[in-house]
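Once you've looked at the hints, dock chain W against the given chain B.
Residue-level listing of the chains:
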Amino acid sequence: MKTTINAVLLITGLFIFSVSAAEMKTLRLGTEGAYAPFNSVNKEGELVGFDIEIGKALCTEMKVKCEWVTSDWDGLIPALLAKKFDAIVASMSITEERKQKIAFTSKYYTTPGRFVRMKGDAVEASKESLKGKVIGVQGGTISENFVRGEFGEVVDIKVYGTQDEANLDFMAGRVDVIFADSVVLVDFLKSKSGQQAELFGPSFTEAKYFGEGIGIGLRKNDQALLEAFNQAIDAIRANGTYQKINAKYFDFDLFGE
Amino acid sequence: MNFTTMLEYLPQMLDGAWLSLQITGLSLFLGFLLAIPVSLMRLSHLAALRLPAQLYMFYFRGTPLLVQLFLIYYGSGQFRHELEQIGLWAFFRDAWFCAVFALTLNACAYTAEIFRGAILAVPKSDIQAGKAFGMSGLLLFRRIIFPKALRIALPSYGNEVIFLLQASSLVSIITLMDLTGVASRLVAKTFAVYEIYILTAAIYIAITYMLVVIFKLFERILNKHLRTDS
Numbered sequence: 000m001k002t003t004i005n006a007v008l009l010i011t012g013l014f015i016f017s018v019s020a021a022e023m024k025t026l027r028l029g030t031e032g033a034y035a036p037f038n039s040v041n042k043e044g045e046l047v048g049f050d051i052e053i054g055k056a057l058c059t060e061m062k063v064k065c066e067w068v069t070s071d072w073d074g075l076i077p078a079l080l081a082k083k084f085d086a087i088v089a090s091m092s093i094t095e096e097r098k099q100k101i102a103f104t105s106k107y108y109t110t111p112g113r114f115v116r117m118k119g120d121a122v123e124a125s126k127e128s129l130k131g132k133v134i135g136v137q138g139g140t141i142s143e144n145f146v147r148g149e150f151g152e153v154v155d156i157k158v159y160g161t162q163d164e165a166n167l168d169f170m171a172g173r174v175d176v177i178f179a180d181s182v183v184l185v186d187f188l189k190s191k192s193g194q195q196a197e198l199f200g201p202s203f204t205e206a207k208y209f210g211e212g213i214g215i216g217l218r219k220n221d222q223a224l225l226e227a228f229n230q231a232i233d234a235i236r237a238n239g240t241y242q243k244i245n246a247k248y249f250d251f252d253l254f255g256e
Numbered sequence: 000m001n002f003t004t005m006l007e008y009l010p011q012m013l014d015g016a017w018l019s020l021q022i023t024g025l026s027l028f029l030g031f032l033l034a035i036p037v038s039l040m041r042l043s044h045l046a047a048l049r050l051p052a053q054l055y056m057f058y059f060r061g062t063p064l065l066v067q068l069f070l071i072y073y074g075s076g077q078f079r080h081e082l083e084q085i086g087l088w089a090f091f092r093d094a095w096f097c098a099v100f101a102l103t104l105n106a107c108a109y110t111a112e113i114f115r116g117a118i119l120a121v122p123k124s125d126i127q128a129g130k131a132f133g134m135s136g137l138l139l140f141r142r143i144i145f146p147k148a149l150r151i152a153l154p155s156y157g158n159e160v161i162f163l164l165q166a167s168s169l170v171s172i173i174t175l176m177d178l179t180g181v182a183s184r185l186v187a188k189t190f191a192v193y194e195i196y197i198l199t200a201a202i203y204i205a206i207t208y209m210l211v212v213i214f215k216l217f218e219r220i221l222n223k224h225l226r227t228d229s
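So the sequence lines, in the order shown, correspond to chains B and W.
Everything in the first sequence is counted per numbering that gives the first Met the number 0, starting at 0 for the first residue and increasing by one.
Everything in the second sequence is counted per numbering that gives the first Met the number 0, starting at 0 for the first residue and increasing by one.
Don't take every hint at face value.
[Said to hold, decoys possible] Here are the simulated lysine to any residue pairs, SDA-like style, with alpha carbons at most 25 angstroms apart:
| # | chain 1 | residue 1 | chain 2 | residue 2 |
| --- | --- | --- | --- | --- |
| 1 | B | 82 | W | 196 |
| 2 | B | 191 | B | 211 |
| 3 | B | 100 | W | 9 |
| 4 | W | 188 | B | 149 |
| 5 | B | 98 | W | 196 |
| 6 | B | 189 | B | 46 |
| 7 | B | 191 | W | 70 |
| 8 | W | 188 | B | 202 |
| 9 | B | 189 | W | 79 |
| 10 | B | 42 | W | 73 |
| 11 | W | 188 | B | 230 |
| 12 | B | 189 | W | 74 |
| 13 | B | 98 | B | 116 |
| 14 | B | 132 | W | 18 |
| 15 | B | 106 | B | 42 |
| 16 | B | 83 | W | 189 |
| 17 | B | 98 | W | 3 |
| 18 | W | 188 | B | 206 |
| 19 | B | 130 | W | 89 |
| 20 | B | 100 | W | 2 |
| 21 | B | 118 | W | 189 |
| 22 | B | 100 | W | 184 |
| 23 | W | 188 | B | 189 |
| 24 | B | 132 | B | 204 |
| 25 | W | 188 | B | 208 |
| 26 | B | 98 | W | 5 |
| 27 | B | 62 | B | 230 |
| 28 | B | 130 | W | 92 |
| 29 | B | 130 | W | 184 |
| 30 | B | 118 | B | 170 |
| 31 | B | 100 | W | 188 |
| 32 | B | 132 | W | 5 |
| 33 | W | 188 | B | 191 |
| 34 | B | 191 | W | 18 |
| 35 | B | 118 | W | 73 |
If you're looking for bench data, these hints aren't it; they were derived computationally from the structure.
Being a predicted model, the structure only gives us computed values, none of them experimental.
Excised from the complex, chain W in its bound form:
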């Protein structure tokens, strides 16, 4: 084990970690926003709304993220002329965009499934109480169902966040120099496999630990009214 090797490459690896965080954070944010309407479509009684959501979630949860990345990145390359005609090639040309696009769609599918379960788990009595106050439709959803569902969803959503951080390591195969990309480049250059991958693992663990702490905090804030010790 050579600690000077580790220190020497730490700045480059932190640059990579920053890219990993950017891509993960942005995909999670967009995925979260999209997941709200998608989960509602999935729960709709209208087949025209339900079926597309169901199909989309089934596809993205049923195929490996690696395949999705390859399809979006190298697949879009095959349709360059068509994409150029509708002005989208400028986006798909960029590996960063393709990565965020793929991870967003993937995260959204899983998050929508988490939301669906959480919305179904909102107690009937809460909804009835809301209705008794004269709430309905969007107001009922905004004031009663959504806040309650968010609390129920939080632990599984925290899991999804951590999962997506690890999954973001796959973007290195479409030429992005994220933490894993930087690490494998350095290994190819120096062959210092142990030093570099141990450092990589340590950085991922540090980020994951931060995420766990943040979600603990969220849970405390959202469930404040349930605590008996204060």
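Just chain B, with the same shape it has in the complex:
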């Protein structure tokens, strides 16, 4: 039985290896496509957003052809490990937990997490005030870890597959507050339905939850690719490409210090 499984694994492995060897120059980038304004699918069905433009700029810098693959958020790391694509460019925070499975480039941006409530709701970002409230978060994100770690005992946490669904249920009144990355929330607050909501509480950046910023996820044995990405990130920071993309989406510096 075990030999059969090994044989099957070996054959599949050989197949994948030969495919990737044949297309060395094409780098496959995995993203979620449901995390505006970083990566989302527009009305024409094309991937757009900050992650996508940064990804394209890095590919240009590295002089490789890139193609995009979309996957559910939860499936990104398993798909990377299963060699469905070669890098995750999906606003993924660098955390200790993830570093056990995959490697990360140095950060390409960093943002704090924020709470959102309905306008007119007096709830505060404290354990006393949030007690018994329903908080909506996207599952498997640092936002979920943060809310569980800091407020887990006093609140009811609802976990969603995508941020869009959490926002929908917040608007429908099924959750009292949402917690997410500030930049994603800014975009939601600008939208028509988001007008009735507002940010509250401080900006949370504890490294324990929020890690060392947002990086590109790679398989641990792709050391050469990791170095190429790091050099490319430095290069687009130095030649102004990064700043141009930054300015297109946000009126503040996304890179941090």
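Just chain W now, kept in the frame of chain B:
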């Protein structure tokens, strides 16, 4: 493969499995009760009874359960004010209710179709024999048609029960922590994809096996008079 990982998360997964069973069981029970009148409406000679049943069954058998769940859960969210006015929002606000509601309507549509076929398959001679005894209407249905149809329907209904158990895994997308919901949360946390999904599959198989045994038992009881070996 890490067996300690599996053992560590087993209690949480069993909690999820319990929710899966609750939702499936309740939806099946309600779906079964509703399917009896719906299948009779579907067989009615009156178009006013037949057409609504036909339309309902056509819709629920013709669209994916995933779409039905999304429509009922996120769709109801868009009509919050209207639902509040008629006092139904308290139900639709709750993901558990939306899941049972969607699965019940789905199960009922399929079950009604199974019943329709079974009722049509009741031998004419049985009905004539019943009529010869002076039975008609509800009495004929209760004593002759329904028991016979139930026996005919049982194998396909057993199939539907198993199908609905698997389909209940979809409720995890509307924030319910059923077996699949717990599993995908644990995978997102630990990335132990194989261990957790193999365990998930094993729990589903165990439940399905139990259902198969229960239906075998039912079949033996209902068809007792047909057995020649005892």
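Taking the hints in turn, this is what the structure says about them:
Of the supplied pair hints, the one linking residue 82 of chain B and residue 196 of chain W holds, its CA atoms being roughly 19 angstroms apart against a limit of 25 angstroms. Taking the CA atoms of residue 191 of chain B and residue 211 of chain B, the gap is near 33 angstroms; set against the 25 angstroms cutoff, the hint is violated. Among the hinted pairs, residue 100 of chain B with residue 9 of chain W is consistent with the structure: their alpha-carbon atoms are about 22 angstroms apart, no more than 25 angstroms. For the given pair, residue 188 of chain W sits about 17 angstroms from residue 149 of chain B by alpha-carbon distance, which is consistent with the 25 angstroms threshold.
Distance restraint check for residue 98 of chain B and residue 196 of chain W: the Cα-Cα separation of roughly 22 angstroms lies within the 25 angstroms cut-off, and the hinted pair is therefore satisfied. Restraint check: the Cα-Cα separation between residue 189 of chain B and residue 46 of chain B comes to about 20 angstroms, which is no more than 25 angstroms; the hinted pair holds. A hinted pair counts as satisfied when its Cα atoms are at most 25 angstroms apart, and residue 191 of chain B with residue 70 of chain W qualifies at roughly 21 angstroms. Taking the CA atoms of residue 188 of chain W and residue 202 of chain B, the gap is near 24 angstroms; set against the 25 angstroms cutoff, the hint holds.
Under the criterion of a C-alpha separation no larger than 25 angstroms, the hint pairing residue 189 of chain B with residue 79 of chain W is consistent with the structure, at around 22 angstroms. As the CA atoms of residue 42 of chain B and residue 73 of chain W are separated by approximately 21 angstroms, the hinted pair is consistent with the 25 angstroms bound. Proximity of residue 188 of chain W to residue 230 of chain B is assessed by CA-CA distance (about 31 angstroms); at most 25 angstroms being required, the pair is judged violated. The straight-line distance between the Cα atoms of residue 189 of chain B and residue 74 of chain W is roughly 22 angstroms, inside the 25 angstroms bound, and the hint therefore holds.
Taking the CA atoms of residue 98 of chain B and residue 116 of chain B, the gap is about 33 angstroms. The hint is violated against a cut of 25 angstroms. Restraint check for residue 132 of chain B and residue 18 of chain W: the C-alpha separation of about 22 angstroms stays at or below 25 angstroms, so the hint holds. Restraint check: the Cα-Cα separation between residue 106 of chain B and residue 42 of chain B comes to about 30 angstroms, which exceeds 25 angstroms; the hinted pair is violated. Between the alpha carbons of residue 83 of chain B and residue 189 of chain W the distance comes to roughly 20 angstroms, so the proposed pair stays at or under 25 angstroms and holds.
The hinted pair formed by residue 98 of chain B and residue 3 of chain W meets the criterion: a straight-line CA distance of about 21 angstroms does not exceed 25 angstroms. For a cut-off of 25 angstroms, the pair hint linking residue 188 of chain W to residue 206 of chain B stands: about 18 angstroms separates their Cα positions. Under the criterion of a C-alpha separation no larger than 25 angstroms, the hint pairing residue 130 of chain B with residue 89 of chain W is consistent with the structure, at around 21 angstroms. Straight-line distance between C-alpha atoms of residue 100 of chain B and residue 2 of chain W comes to about 18 angstroms, which keeps the hinted pair within the 25 angstroms bound.
Distance restraint check for residue 118 of chain B and residue 189 of chain W: the Cα-Cα separation of roughly 37 angstroms exceeds the 25 angstroms cut-off, and the hinted pair is therefore not satisfied. In summary, the hint linking residue 100 of chain B to residue 184 of chain W is supported, as the alpha carbons are separated by about 17 angstroms, within the 25 angstroms threshold. Proximity of residue 188 of chain W to residue 189 of chain B is assessed by CA-CA distance (about 31 angstroms); at most 25 angstroms being required, the pair is judged violated. The hinted pair formed by residue 132 of chain B and residue 204 of chain B meets the criterion: a straight-line CA distance of about 22 angstroms does not exceed 25 angstroms.
Taking the CA atoms of residue 188 of chain W and residue 208 of chain B, the gap is near 13 angstroms; set against the 25 angstroms cutoff, the hint holds. A C-alpha spacing of about 22 angstroms is found between residue 98 of chain B and residue 5 of chain W, which places the hinted pair at or below 25 angstroms, so the restraint holds. Distance check on the hinted pair: residue 62 of chain B and residue 230 of chain B sit about 12 angstroms apart at the alpha-carbon level, within 25 angstroms; holds. Proposed proximity of residue 130 of chain B and residue 92 of chain W is supported: the alpha carbons are some 20 angstroms apart, at most 25 angstroms.
Distance check on the hinted pair: residue 130 of chain B and residue 184 of chain W sit about 23 angstroms apart at the alpha-carbon level, within 25 angstroms; holds. For the given pair, residue 118 of chain B sits about 11 angstroms from residue 170 of chain B by alpha-carbon distance, which is consistent with the 25 angstroms threshold. With a CA separation close to 11 angstroms, the supplied pair residue 100 of chain B and residue 188 of chain W stays within the 25 angstroms bound. The suggested pairing of residue 132 of chain B with residue 5 of chain W is violated, with an alpha-carbon distance near 32 angstroms, which exceeds 25 angstroms.
In summary, the hint linking residue 188 of chain W to residue 191 of chain B is not supported, as the alpha carbons are separated by about 33 angstroms, beyond the 25 angstroms threshold. About 36 angstroms separates the Cα atoms of residue 191 of chain B and residue 18 of chain W, which puts this hinted pair outside 25 angstroms; it is violated. Taking the CA atoms of residue 118 of chain B and residue 73 of chain W, the gap is about 22 angstroms. The hint holds against a cut of 25 angstroms.
In the structure shown, a violation is registered for the earlier hints numbered 2, 11, 13, 15, 21, 23, 32, 33, 34, in ascending order.
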